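Visitor: Protein chains in written order, with the working numbering: chain B, 1 to 656; chain W, 657 to 957.
Honestly, the hints are just simulated from the structure, not real lab data. Every value quoted in this text rests on a predicted model; they were computed, and no experiment measured them. Errors might be hidden in some of the hints.
Said to hold, decoys possible - Pairs of lysine to any residue, SDA-like flavour, derived with a Cα cap of 25 Å:
{"hint": "1", "chain 1": "B", "residue 1": "K42", "chain 2": "W", "residue 2": "L833"}
{"hint": "2", "chain 1": "W", "residue 1": "K909", "chain 2": "B", "residue 2": "L651"}
{"hint": "3", "chain 1": "B", "residue 1": "K42", "chain 2": "W", "residue 2": "G821"}
{"hint": "4", "chain 1": "W", "residue 1": "K793", "chain 2": "B", "residue 2": "L39"}
{"hint": "5", "chain 1": "W", "residue 1": "K909", "chain 2": "B", "residue 2": "P34"}
{"hint": "6", "chain 1": "B", "residue 1": "K610", "chain 2": "B", "residue 2": "L169"}
{"hint": "7", "chain 1": "B", "residue 1": "K351", "chain 2": "B", "residue 2": "E332"}
{"hint": "8", "chain 1": "B", "residue 1": "K112", "chain 2": "B", "residue 2": "V79"}
{"hint": "9", "chain 1": "B", "residue 1": "K92", "chain 2": "B", "residue 2": "R210"}
To be verified - A short, non-exhaustive set of chain B residues, derived as facing chain W with CB atoms under 8 Å:
{"hint": "10", "residue": "I30"}
{"hint": "11", "residue": "P34"}
{"hint": "12", "residue": "S37"}
{"hint": "13", "residue": "K42"}
{"hint": "14", "residue": "L199"}
{"hint": "15", "residue": "I202"}
{"hint": "16", "residue": "I256"}
As the list claims (entries may be wrong) - Between beta-carbon pairs, the in silico distance windows are:
{"hint": "17", "chain 1": "B", "residue 1": "P34", "chain 2": "W", "residue 2": "S921", "range": "24 to 34 Å"}
{"hint": "18", "chain 1": "W", "residue 1": "L795", "chain 2": "B", "residue 2": "P34", "range": "17 to 27 Å"}
{"hint": "19", "chain 1": "W", "residue 1": "R804", "chain 2": "B", "residue 2": "N655", "range": "53 to 63 Å"}
{"hint": "20", "chain 1": "W", "residue 1": "N928", "chain 2": "B", "residue 2": "I18", "range": "43 to 53 Å"}
{"hint": "21", "chain 1": "B", "residue 1": "N655", "chain 2": "W", "residue 2": "N928", "range": "36 to 46 Å"}
{"hint": "22", "chain 1": "W", "residue 1": "K819", "chain 2": "B", "residue 2": "D56", "range": "31 to 41 Å"}
{"hint": "23", "chain 1": "W", "residue 1": "E913", "chain 2": "B", "residue 2": "N655", "range": "13 to 23 Å"}
{"hint": "24", "chain 1": "B", "residue 1": "H23", "chain 2": "W", "residue 2": "E913", "range": "23 to 33 Å"}
Where is the CB? At the ideal position from N, CA and C, for every residue including glycine.
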Amino acid sequence: MIHLLHPFYLFGLLLASIPLILHLLGRRRIRERPFSSLLLLKEIKKSSSVWMRIKDLILLLLRICFLLFIVIGFSHPLVLSPVPFLGKEAPKDVAILIDVSMSMGMDGLFEKAKHEVRRTFRILGRGNRIILIAFSDRIEEEKEIVDEAELGSFLDNLRITYRGTNIPLPLEVAEKKLLKKEGFIKEIIIISDFQKSALENIESVYNIIRKKKINIYASCIEGNKKNLFFSGWKIEPPFPLPGLRLKIYPKLVSNIEGSSPVEIFMNGVMKGVKKRTEEKTEVFFEIEPREPGYKSGSFRTRGDSLDMDNNYYFSFYVQKSLNVLLVGKRNEYSYLAAALSPGIETPINLKTIEPAELPRINPSQYDLLILYNTKIDGYVKARTMDFLAHGGGVLFVMGNEFTSEVNKIILEDIHIVKKNDAKKGFFTLKMIDTGFEPLSGFKNKGLKNLYDAKFFQYFTIKSNMKTVIESKNGDPLMIAGNINGGKMVLFPFALDSEWAQLPLKAIFVPLIYRLTFYLATKPEKLPEFHIGEPIRISSQKEGKTPLFILPDERKKSPILSATRKDYILKGTDLPGIYKFIPQPGETIPIAVNVKEEESKLDVISFEELKLLLPDIKESEKREGFPTSGKRWIDLFPFFIILSLMCLTAELILENK
Amino acid sequence: MRHIDRSYIRYLDPKVISKLKGLDLIARMVVEGFLIGLHRSPYHGFSVEFAEHREYRPGDELRYVDWKVFGKTDRYYVKVFEEETNLKAYLIIDKSGSMGFSSNGISKLEYVKYLASALSFLLLRQKDAVGLLLFSKGLDSYIAPSSRKNHLNMLLKELDQLKPGGETSLSTVLFELAEKIKRRGLIILFSDLFDDYENVVKSLKIFRHKKNEVLVFHTLDSAEILFPFTGDMLFRDMETNDKITIDPKSIRKDYREKIENLLTSYKRDFRNASIDYQFLRTDTAYDKALLSYLAKRKKMK
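Could you put the whole structure together from the sequences, leaning on the hints where they help?
Guide: Below is the structure:
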């Protein structure tokens, strides 16, 4: 089998026509020479002319062959040698891929990787072409290395990034670079900790490369896998308001025995330290923002092998007040209104209206709609469904208006059913542990005396929604669920006189508050991003171009998206708070954190890797490159010698 | 002490001669140069009949010094002899196109012109009658032999106007001339002899048959002998305009062999026919030709 290394050189075969043309032209250009007498020449001519023709043809043939062989030689025809050769003689093109993703920042891991690079370089020896590619989830650096000095300089300047890992990407890049090389032996060596998340879709890329006769070696760098990292956070209540005590829960993941400290910083100032232990895995910090506005902070832990993921950044918005719309008759809801009146505990902005006024109100301006003993039909129903459709929450307090609504559908599938076996008596209330957030922590403490609900002697409420408080006989006393995309809690405490005394109980105000904050429309959460992801943030503000201040205090202008509605900041290489300044005087903190999967240190061993990529070879165990094989022999010198022979023969014949 | 002015000798070189203007000058220079070079030679062209005395000049032989005069005048005089002669010499020059061939700046015809001029001068100086015949395909010009003093001018004028041209028909012309020349004399032929070999030899034999002395100056250019050309060439015959394409390298060896054979044959056959044959290359000095003439002249005494 013949393979041409530079087939495009064959276009040079056109050169072979040159001698032919010159030959033909040359024939016409024979010099004329006057001579005294042709007597003698004519006698000799007969034998001479035959020889001349033969000589001309031979010369032409030699000149064509000379150019043909030159051209073929320079196209480097390669044939496989039938004889195995020793590897040291073979020229090699090697791409060494070194992982500089965050997980390689584990204690000592990066140094091990660099050591492996140096070892590999030494084994390869001189005369080989080596491309070093540093990668994370992108190509960080790439350079062709010639000597150890260059290698040392390259490795010294290499830094671990906060980014994730994507091994198929550098594989593809290395493949393209190697295919451009002229060597006959091509190899890729991957030096990484081989996280599972970095190997997505690697099989297809690997197989394509293998088909192109490129050998792939792997060096699995192993290290201490003890790690602490944050997988997220949450805030309670989810509707932060000024003066409201907030609980901030960091989600700390640990595979370390013993306790781990967690610190919280707000605006760079440490606000508290908690210890997460194996028994007490959930820790929280309480903060009480005094002013509305954007808030940002971070958690910090320490004591593991990977320091780079020990900080976690967050930001949230504290709204000035919570807007509640209470619809009902003024003489009926007074105690509920009093419970929600501003100034008592939290800044609630309460608006009360009669049902008849509802059409004139835009409910979307409110965070919560309370329907107090108001029948849901006609325009009330339309407004309520619209409010729910926009993700709003509705607290539906049933009162005596509904005693006449027996066997009627109140809303959706909720209807009142009359009991045929009505029994008088008292019922013990039962809180059902459904994970319903507003009731967490109450248990039965505050409700145990509330059992005399006469309504339920004769009627009950049927619904597919979840019952979260029920009487002992199974009648639902509070049901909750999602209707039309919004949340709804049905609470029939005003249905009879005994139940109507609930507001007098100590539990009432906190329960109402719980329900209020549960149902209130949550403020739009500030977007959070991961390293490497572009920050995309909408801004309707016209005028001056917004600005980002990066965690390292550098300033950078975002670009406007194609739709001109969003601003995009690319290149989030550092974790931290990115300050988005849409206009002077306004700052929106955007938290950017490292990727969780990069912190998990979910790595695979070489044996596991071999199951995934069957003929991958272990780089660290071999001593030389490569041990044996068949060699492509370049016929360049052969053809050049042939062409020189043609040239020599031509010169000899020419002078004969 | 004798002093010989050797500057004259250089005029025996055709290249030097060709730079001079005027055939009379050329003839004189050649002959003077030749004679000066002859002082030790066994040949001398001086006649036996005393003509006059003249002052001794370097190069003159001592045996011709008149010691009696020296005894009387105390000065050296040499005796100058004048030969009584009735020799008629015919200079027959081939002026065909082939004689115009030149590879070194001097064509064969030019070479012959200078040589004929010198010979005319020398012959007339010895009171021999000199005639001139120019031919190519036929006889083109004829000047009857004479030994008058102004005859040299006529000869040189004719030679001066000599231009190569026409085809050679050497044997035909020689046959014709053999009929024309009644009185025996010295026939001096200048030609490249590019004609049918046998006819040439045969025609010259007729001259011998008629008791003429024949001297042939076979004149060729060095390129005609060595054939030094390279590269494919189209050779054009200077007489017939025939053309032939040849790679000179491929035939050089054969050509040289053939021309060598031709020269050898001429030499052999002329010797057998008692014809004096002198081969001349246009780059050889004239003394060779003049010596062969003198040798011939002496033989005729």
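Visitor: Now, for every hint given, state plainly whether the structure supports it.
Guide: Hint check results:
Annotation: proposed proximity of K42/B to L833/W is violated, straight-line Cα distance about 30 Å (limit 25 Å). Between K909/W and L651/B the alpha-carbon distance is near 20 Å, which keeps this suggested pair within the 25 Å criterion. With a CA separation close to 21 Å, the supplied pair K42/B and G821/W stays within the 25 Å bound. Distance hint between K793/W and L39/B is fulfilled; the C-alpha atoms sit about 16 Å from each other, no more than 25 Å.
A hinted pair counts as satisfied when its Cα atoms are at most 25 Å apart, and K909/W with P34/B qualifies at roughly 20 Å. As the CA atoms of K610/B and L169/B are separated by approximately 19 Å, the hinted pair is consistent with the 25 Å bound. The hinted pair formed by K351/B and E332/B meets the criterion: a straight-line CA distance of about 15 Å does not exceed 25 Å. Using a Cα cut-off of 25 Å, the hinted pair K112/B and V79/B is violated, with the two alpha carbons roughly 41 Å apart.
Between K92/B and R210/B the alpha-carbon distance is near 16 Å, which keeps this suggested pair within the 25 Å criterion. Restraint check, I30/B versus chain W: the minimum CB separation of about 5 Å is within 8 Å; hint holds. A distance limit of 8 Å between C-beta atoms decides the matter here; for P34/B the minimum to chain W is near 5 Å, and the interface restraint holds. Because the beta carbon of S37/B sits about 4 Å from the nearest beta carbon in chain W, less than 8 Å, this interface hint is met.
Because the beta carbon of K42/B sits about 6 Å from the nearest beta carbon in chain W, less than 8 Å, this interface hint is met. Annotation: L199/B was flagged as interfacial toward chain W, and the flag is violated, the nearest CB pair being 74 Å apart, outside 8 Å. Violation of the interface hint for I202/B is found here, the shortest Cβ-Cβ separation to chain W being roughly 70 Å, above the 8 Å cut-off. The beta carbon of I256/B comes no nearer than 95 Å to any beta carbon in chain W, farther than 8 Å, and the hint placing it at the interface is violated.
Between P34/B and S921/W the beta carbon distance is about 26 Å. The supplied range of 24 to 34 Å therefore holds. The beta-carbon spacing between L795/W and P34/B, approximately 25 Å, falls within the hinted interval of 17 to 27 Å. Between R804/W and N655/B the C-beta distance comes to about 59 Å, which sits within the given range of 53 to 63 Å. At roughly 59 Å, the beta carbons of N928/W and I18/B sit outside the given window of 43 to 53 Å.
Taking the beta carbon of each, N655/B and N928/W are about 42 Å apart, inside 36 to 46 Å as hinted. Roughly 39 Å separates the CB atoms of K819/W and D56/B, a value that falls within the hinted 31 to 41 Å. Between E913/W and N655/B the C-beta distance comes to about 20 Å, which sits within the given range of 13 to 23 Å. Between H23/B and E913/W the C-beta distance comes to about 31 Å, which sits within the given range of 23 to 33 Å.
Hints 1, 8, 14, 15, 16, 20 from the earlier list are contradicted by this structure; the remaining hints agree with it.
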